[in-house]
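J.: Each chain, letter by letter, is given below.
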Amino acid sequence: MNIIELKDLTFRWPQRNESIINIEHFSLAHGEKLFVSGASGSGKSTLLGLLSGIIKPSSGSIHILQTQFSTLNGPQSDQFRADHIGYIFQQFNLIPYLSVIENVLLPSLFSNRRKQQLQPDPQAQAIELLAKLKLPKDCINRQVTQLSIGQQQRVAAARALIGNPELIIADEPTSALDRDNRSAFIQLLMEQCTLTGASLLFVSHDQQLQPLFDRHLALSQFNNCEEPVDEYL
Amino acid sequence: MSIYNLSLKSLKNRRTTACLTVFTVAISVLLLLAVERIRVQAKQSFANTISNTDLIVGARSGQVNLLLYSVFRIGNPTNNIAWDSYQQIIANPVVKWSIPISLGDSHRGFRVIGTNTDYFRFYQYGRKQPLTFNAGKAFSGMFDTVIGSQVAKRLGYQLGSEIIIAHGISDKKFNRHSNSPFVVTGILAPTGTPVDKSVHISLAAIEAIHAGGLLNSKVNLTHLNPQDYQPKQITAFLLGLTSKVKSFALQRSINTYRTEPLSAIMPGIALHELWGIMSIAEQALQGVAIFVVIAAMLAMLSNLLSSLQERRREMAILRGMGARPTHIFVLLISEASLLTTLGIITGIGLLYLILALLAPLASSEFGLNLALNMLTSSEWLLITTVQISGIIIGFIPAFNAYRNSLADGMTIKV
Numbered sequence: 000m001n002i003i004e005l006k007d008l009t010f011r012w013p014q015r016n017e018s019i020i021n022i023e024h025f026s027l028a029h030g031e032k033l034f035v036s037g038a039s040g041s042g043k044s045t046l047l048g049l050l051s052g053i054i055k056p057s058s059g060s061i062h063i064l065q066t067q068f069s070t071l072n073g074p075q076s077d078q079f080r081a082d083h084i085g086y087i088f089q090q091f092n093l094i095p096y097l098s099v100i101e102n103v104l105l106p107s108l109f110s111n112r113r114k115q116q117l118q119p120d121p122q123a124q125a126i127e128l129l130a131k132l133k134l135p136k137d138c139i140n141r142q143v144t145q146l147s148i149g150q151q152q153r154v155a156a157a158r159a160l161i162g163n164p165e166l167i168i169a170d171e172p173t174s175a176l177d178r179d180n181r182s183a184f185i186q187l188l189m190e191q192c193t194l195t196g197a198s199l200l201f202v203s204h205d206q207q208l209q210p211l212f213d214r215h216l217a218l219s220q221f222n223n224c225e226e227p228v229d230e231y232l
Numbered sequence: 000m001s002i003y004n005l006s007l008k009s010l011k012n013r014r015t016t017a018c019l020t021v022f023t024v025a026i027s028v029l030l031l032l033a034v035e036r037i038r039v040q041a042k043q044s045f046a047n048t049i050s051n052t053d054l055i056v057g058a059r060s061g062q063v064n065l066l067l068y069s070v071f072r073i074g075n076p077t078n079n080i081a082w083d084s085y086q087q088i089i090a091n092p093v094v095k096w097s098i099p100i101s102l103g104d105s106h107r108g109f110r111v112i113g114t115n116t117d118y119f120r121f122y123q124y125g126r127k128q129p130l131t132f133n134a135g136k137a138f139s140g141m142f143d144t145v146i147g148s149q150v151a152k153r154l155g156y157q158l159g160s161e162i163i164i165a166h167g168i169s170d171k172k173f174n175r176h177s178n179s180p181f182v183v184t185g186i187l188a189p190t191g192t193p194v195d196k197s198v199h200i201s202l203a204a205i206e207a208i209h210a211g212g213l214l215n216s217k218v219n220l221t222h223l224n225p226q227d228y229q230p231k232q233i234t235a236f237l238l239g240l241t242s243k244v245k246s247f248a249l250q251r252s253i254n255t256y257r258t259e260p261l262s263a264i265m266p267g268i269a270l271h272e273l274w275g276i277m278s279i280a281e282q283a284l285q286g287v288a289i290f291v292v293i294a295a296m297l298a299m300l301s302n303l304l305s306s307l308q309e310r311r312r313e314m315a316i317l318r319g320m321g322a323r324p325t326h327i328f329v330l331l332i333s334e335a336s337l338l339t340t341l342g343i344i345t346g347i348g349l350l351y352l353i354l355a356l357l358a359p360l361a362s363s364e365f366g367l368n369l370a371l372n373m374l375t376s377s378e379w380l381l382i383t384t385v386q387i388s389g390i391i392i393g394f395i396p397a398f399n400a401y402r403n404s405l406a407d408g409m410t411i412k413v
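Protein chains in written order, with numbering that gives the first Met the number 0: chain A, 0 to 232; chain B, 0 to 413.
Bound conformation, chain A alone (with noise of 0.2 Å):
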């Protein structure tokens, strides 16, 4: 079963004649972790904003967990991504005035699919998953501001991982980090996934982490785009 499906995928910028985005096939296996590099430019905000239902496609259907969906509109996308996906920024992350646990506990909010994945106590929850991702403890009770950035970056990986979505879509989340400290947070963001069964798409244009990964695609392999434009802001 494949978790991600694309097919004939092209998205043009409005008023734009060339496609930033024009890919044949691809795919994503369950329990698959794949590596996507690409220089800047090279459309990568763009697949992520299409795999997470923020733009439409020109052209083409995306299909995620066997759903259409690329024809969702734009609330059921949201559900959606609150249900099945579990997202990580560059850096960052997290939501200042929460608590290390409310932020980690901040998708159950918009899913009730993964709330319900945390009853009875989503609070021991929330701490085991981050003992899990060797958060040190005294953490959890400090100002998310005072954590360092490879601490933040394990608070955002919890908070994706929480509630068990099927695809973990990581965009660029080792940039902030030093080389130490972004292979062990890829090693147990991946630990985690295969506890958990999830899918995960790790996209940056660090090629050096490509050995860590099952697999790896640099983006130009499948996205056909005519020529390099400006990257999505």
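Calculated directly from the structure, the hints in this document are not laboratory data.
Check before you lean on any hint, since a few could be wrong.
Stated by the list, open to error - Here are the simulated DSSO-like cross-link-like pairs (lysine-lysine), alpha carbons at most 27 Å apart as the crow flies: (1) B:Lys152 - B:Lys196; (2) A:Lys136 - B:Lys8; (3) B:Lys231 - B:Lys196; (4) A:Lys136 - A:Lys114; (5) A:Lys114 - B:Lys8; (6) B:Lys11 - A:Lys114; (7) B:Lys152 - B:Lys127; (8) B:Lys11 - A:Lys136.
Assemble the complex: chain A is given as a structure, and chain B must be docked to it using the hints.
T.: Here is chain B on its own, set in the frame of chain A:
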């Protein structure tokens, strides 16, 4: 945790600006409610000054003027009424009772009212409440006096205190009727009307202190006989009739009285006209209060709008977690309404605090009764209007954030 909790925590994170906004709203609500309360209380205590009197009669003048000097003890009468005219009018069978009033003297800043004991029997204020005595009784002797509660309180008079009445209303040494000391025989209970600030003496006493021979002479006052000092004229009189319907006919006949030019007015109508004059000030006050509320709302708006820019990251993260643009909208709306609600609650709290502190002063200084009542329905209406406008104001930043989050999606913009 819910989305409302989220906005609460977000506000807590920005507590300095949030507190300032809450205070701005609070002060505007305080002003709005205070103006409303003072307006209502003033109007009420104004209308409460005289009750159950059918006609007020004085020398020919405008009705507001007559009302002001006869009831509010403000300003001066234009002329006097002959005692005979008074007798002739009250002889009319429709007259149930009458209270003669003779003005023109003062005691240490308080007006002196010459009248008879009918004043204490028939004068009514508020909701047809008669005058009652806190101590003592109505005057009986020629130099007995009954004082209002304010007079007693301010000047520290008790039963038996001796006072001196001055001629004219400016109480200067040279025009004091120093030869006529009066004795306090009664102190009236507080009414919240000008009665509290009046010194009441008999008509005979008024006549006596003005009788030439008395002044500066050393007559033994105790030997004066009230019968020798029949009043020749009075300033005004109040009438109670056997039936309200008769007041129109009697009013007309008094207004066309042949012997001398007189005016009879109906207190209700005159009060209404007087209040109409005052209502300009009232409306101006209300207008200012409304503008202060608008200013507070704009302050909240600018605060929320300026916070949006720095919160775009927060919105993007929430979107990443699956928040719909609608959630972002609700988040911002609930912040605006929460700020407004907190402002309103603080404003009401401040109002009651100030009322509790000022009530004794207002009642003793101005006879205004600032009771700690529950909020009235018109006050609730004002509060609800403020709350609703807070929510409506919230639509502007909420819609901005909604649009931003649609455009930004999950891209973090700084």
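J.: Decide, hint by hint, whether the structure agrees.
T.: Checked hints:
With a CA separation close to 10 Å, the supplied pair Lys152 (chain B) and Lys196 (chain B) stays within the 27 Å bound. Taking the CA atoms of Lys136 (chain A) and Lys8 (chain B), the gap is about 24 Å. The hint holds against a cut of 27 Å. Taking the CA atoms of Lys231 (chain B) and Lys196 (chain B), the gap is about 26 Å. The hint holds against a cut of 27 Å. At most 27 Å may separate the alpha-carbon atoms for a hinted pair to count; Lys136 (chain A) and Lys114 (chain A) meet this at roughly 24 Å.
Taken as a hint, the Lys114 (chain A) and Lys8 (chain B) pair is honoured in the structure, with Cα atoms around 20 Å apart against an allowance of 27 Å. Between the alpha carbons of Lys11 (chain B) and Lys114 (chain A) the distance comes to roughly 25 Å, so the proposed pair stays at or under 27 Å and holds. Taken as a hint, the Lys152 (chain B) and Lys127 (chain B) pair is honoured in the structure, with Cα atoms around 25 Å apart against an allowance of 27 Å. For the proposed pair Lys11 (chain B) and Lys136 (chain A), the alpha carbon gap of about 26 Å is at most 27 Å, so the pair holds.
In this structure, none of the earlier numbered hints is contradicted; all agree with it.
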